[in-house]
Amino acid sequence: MLDRELIRKQPDLVRQGIVRKKGDASLVDQFLSLDAEFRRLATETGNAQAESNAIAKSIGMLMGQKKFDEAEEAKAKASSLKGRVAELEAQEREAEAKLRTLELEFPNIPHESVPEGADENDNPVVRLHGEQAKFEFEPKPHWDIADQHKMIDLARGAKITGSGWVVYTGIGAKLQRALFNFMVDFQTEQNGYDEIYPPFVVNRESLIGTGNLPKFEDDLYKTQDDFFLIPTAEVPVTNLYRDEILEASQLPIRHAAFSGCFRREAGAAGKDTRGLLRIHQFDKVEMVKFVEPAAAYDELESMVVDAESILQALGLHYRVIELCTGDMGPKATKIYDVEVWAPGVGKYLEVSSVGNFGDYQSRRANIRYRPEAGAKPEFVHILNGSGVAVPRLMAALLETYQQADGSVQIPEVLRPYVGREKIG
RNA sequence: GGAGAGAUGGCGGAGUGGUCGAUCGCGCUUGUCUUGAAAACAAGAAGCCUGCAAGGGCUCAGGGGUUCGAAUCCCCUUCUCUCCUCCA
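Heads up, the first sequence is in this note's numbering, so the first residue is 2 and it goes up one at a time.
Keep in mind the hints are simulated off the structure, nothing from the lab.
Be careful, since some hints might not be right.
Taking lysine-lysine pairs in the DSS-like style, the calculated list, with each CA pair at most 30 Å apart, reads [stated by the list, open to error]: (1) K223 with K160; (2) K175 with K160; (3) K151 with K135; (4) K68 with K83; (5) K348 with K377; (6) K99 with K377; (7) K83 with K99; (8) K423 with K141; (9) K175 with K135; (10) K23 with K10; (11) K10 with K216.
Computed from a predicted model, the values in this text were never measured in an experiment.
Work out the full structure, taking the sequences as your base and the hints as a guide.
What follows is the structure in structure tokens.
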């Protein structure tokens, strides 16, 4: 959601932003005419209500002064106004509802620094860390390694639920548990985040707040109570402060949360779906920040570094890319992805997406703060990023640390969590 | 699942049909005092929409109704608490 004032005062700027994101710029004109209509009705309704209020008030005073005849006269007059007020109110409500629906369709405006581009092929690499691991043998993909050590069971996952649902077994289950425990500890103890353990099921309002609804309902699993399984902890954690006014002294708020994530992956059939690359349920540690507007872009940079720090601690090669305008989706103003190198599949895998959402989500979720005590509340700026997603991290880890004899070395920092130095 | 009680401003908590958008306390802001702070005293401030402004409108969980007029009466929904039931 955007500032209405911005759309009214600088429609060209908004149009340009939508065009940069390959969105539908006619939204602006639709908004402008609907907004004018709404405001016309609001003024007219307000005038009628003011008249009716004035008469009602005078009746109270006349009764107090025992002028009953005059009061009766006023009552008759007020009665005749009722129908008109009701009709105007109904029209105003309808116009406002339409406006609200339209408003939710607007994408966020990309930051001026975001590179132009059509799709993922236009995303520039911002930086590389380390280099691609060299092997004296043909490195295997993680699904072969996992199979060899009986770490995941895709066939039984398909049996008990369906394709794309994974059973972790034995050391596989332990390794994935080790990874998220390590990451939560790291983000809270080393990087200064406060831990949250949220519900994995949320209501509709929460998903509207983060911007997943109304647009992306098909991507979500839904319950019979009109609840939804969360696609990321971003949703419950961002909505922690929905409809609240925070004090400036509380900011910045930095949360890290472990959660399961559930995605229907409705449009993703067939692409990069082998092994752990794209599954319907996965675990992730998510970072969410609530900050003052002026601090948002600095906080974005440091959040990327926080995501990277996990990969560095695990000794993995990765690159950071910046998403171009055509690939960044509707919600953010600027996004970095962190992609870890997986030598077995020979690809960089996205394990983190870190974005600044500005006031886009805080407007939808009504999350404000007082810049100073006594001042008018303003919208906080919200950022979130993965820190990081478990399955692809595990894939990269297995592929990077595989040995010629088929065993897998466990990185130093993970050993206390796994309880051993190697697998196999 | 059953029975009962409740939902009011940043927080706590009054208010049962007519200047109530709301007494009061805490917290907050400003001023006096002080080297500064604390304390004390005084003054001030709810949110949202609309308007250049003056102003106007809406909001006492949400929605609907009664009435000239609703925080207050009626109906529905949601949520919270207590007891019972059930359960990890």
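Against the structure, the hints:
no., hint, result
1, K223 with K160, "holds, 21 Å"
2, K175 with K160, "holds, 22 Å"
3, K151 with K135, "holds, 25 Å"
4, K68 with K83, "holds, 23 Å"
5, K348 with K377, "violated, 49 Å"
6, K99 with K377, "holds, 28 Å"
7, K83 with K99, "holds, 25 Å"
8, K423 with K141, "holds, 17 Å"
9, K175 with K135, "holds, 27 Å"
10, K23 with K10, "holds, 22 Å"
11, K10 with K216, "holds, 26 Å"
Hint violations for this structure: number 5 only, all remaining hints satisfied.
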